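Chains as they are written, first to last, in UniProt numbering: chain A, 1 to 318; chain B, 1 to 96.
Please keep in mind that the hints were generated in silico from the structure rather than gathered at the bench.
Computed from a predicted structure; not experimentally measured.
Be a bit skeptical, because a hint or two may be false.
As the list claims (entries may be wrong) - The list that follows gives simulated cross-link-like pairs (lysine-lysine, DSSO-like), each with its CA atoms no further than 30 Å apart: (1) B:59 x A:308; (2) B:5 x A:308; (3) B:17 x A:159; (4) B:5 x A:313; (5) A:313 x B:79; (6) B:5 x A:109; (7) B:94 x A:26; (8) B:5 x A:22; (9) A:107 x B:79; (10) B:79 x A:216; (11) A:311 x B:5; (12) A:7 x A:22; (13) A:68 x A:308; (14) A:286 x A:311; (15) B:94 x A:32; (16) B:59 x A:22; (17) A:286 x B:17; (18) B:79 x A:315; (19) A:32 x B:59.
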Amino acid sequence: MGEEQIKNLEAQFEARIARDEKIEPKDWMPEKYRQTHIRQISQHAHSEVVGMLPEGNWITRAPSLRRKVALLAKIQDEAGHGLYLYSACETLGVSRDELYEQLHSGKAKYSSIFNYPTITWADMGAIGWLVDGAAIINQVPLCNTSYGPYARAMVRVCKEESFHQRQGYEIMLKLANGTPEQKAMAQDALNRWWWPSLMMLGPTDAESVHTEQSMKWKLKRKSNDELRQQFIDQTVPQADILGLTIPDPDLKWNEEKGSYDFGEIDWDEFWQVVKGHGPCNKERMKARVGAWERGEWVRDAAMAYAEKQQKRKEKQVV
Amino acid sequence: MSTTKNWPLWEVFVRSKNGLEHRHFGSLHAADAEMALENARDVYTRRNEGVSIWVVESKHITASNPEHNGEMFEPAQDKVYRHPTFYELPDEVKYM
């Protein structure tokens, strides 16, 4: 294809997106669109998969059967979300194996929040309430993104995510209204998860390198700072209902703006964790890679069995 | 890395209730058809989304090429006479 022709195709492509048309896997697309989508969708899938690890820690320690079945169901959903997203990503011409390889080698990123430890049961509450809450704010606009398979996966994910947040908030509610020790445990979890949850919505607009292009492709509909403000404004009243204090002395309602002012985010911490120096980066990858490697003989055995059955069937036909 | 082959890709179709058609829900990897069905149940019908599942290995699907959409689909565009509104009838004619 000549340069002129590609430019022409690109212009047509951008116009289709501007008209709110969806792009489907076999449609022509600029290479940069394909690469950006592979990067974002796979990061999203990896986050779902790694996101199971901090919660897996508490399945055997859940305080009641009710909490245990809910946590198990939530973690199973996250595996499901990872699978929807990997499938969507594979439609762009990358294989599942390549995607896993990128995750396991550290080449691909996943959401930094999962590199924090889950040290008490209240962390299950705070994760559901805050981490899933921030994820919902990030994900809802993606239900209308331009790439069809991604948008369809996100519709399913968002439908299921609301249960995650409610089960988390219910855990917090129970603890906050429990004994003084339980309330203190809930407060401690809020203290530790609040700032990382704000960071989850991404670097400030001034620092965000992908925003402009992503807006054009509807991979993003609101900027990181707008999403963060929305998250804070809707979460503060929820903390009030719990009777817990958000660990930010600068947090104050701004009547003029009609939203909350908030304190400085420690972006050094954010970048440290992104670069692999968070409290649990190594542990998470070790658990993930270990599970993958220990499962290899099972995957191989299943394939060998399938091939044997297939051959037997072919023989019977002859 | 594994020396054996990777699990192939399967497309999953789910009938959400009797009376409706099976609809494409997504895809997954599985070693064989039986495992594809079991995985499809866990991945796509955790909340009563279906009463019947079809799985087909993706390589068996033949798809039209969007680059040929012109010759494939445009001929239908100028055949307005295939639609009832093409025919002009007096208003007095009822039940038609």
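Q.
Please list, smallest to largest, the hint numbers that this structure does not respect.
A. 5, 7, 8, 9, 10, 13, 14, 15, 17 and 18
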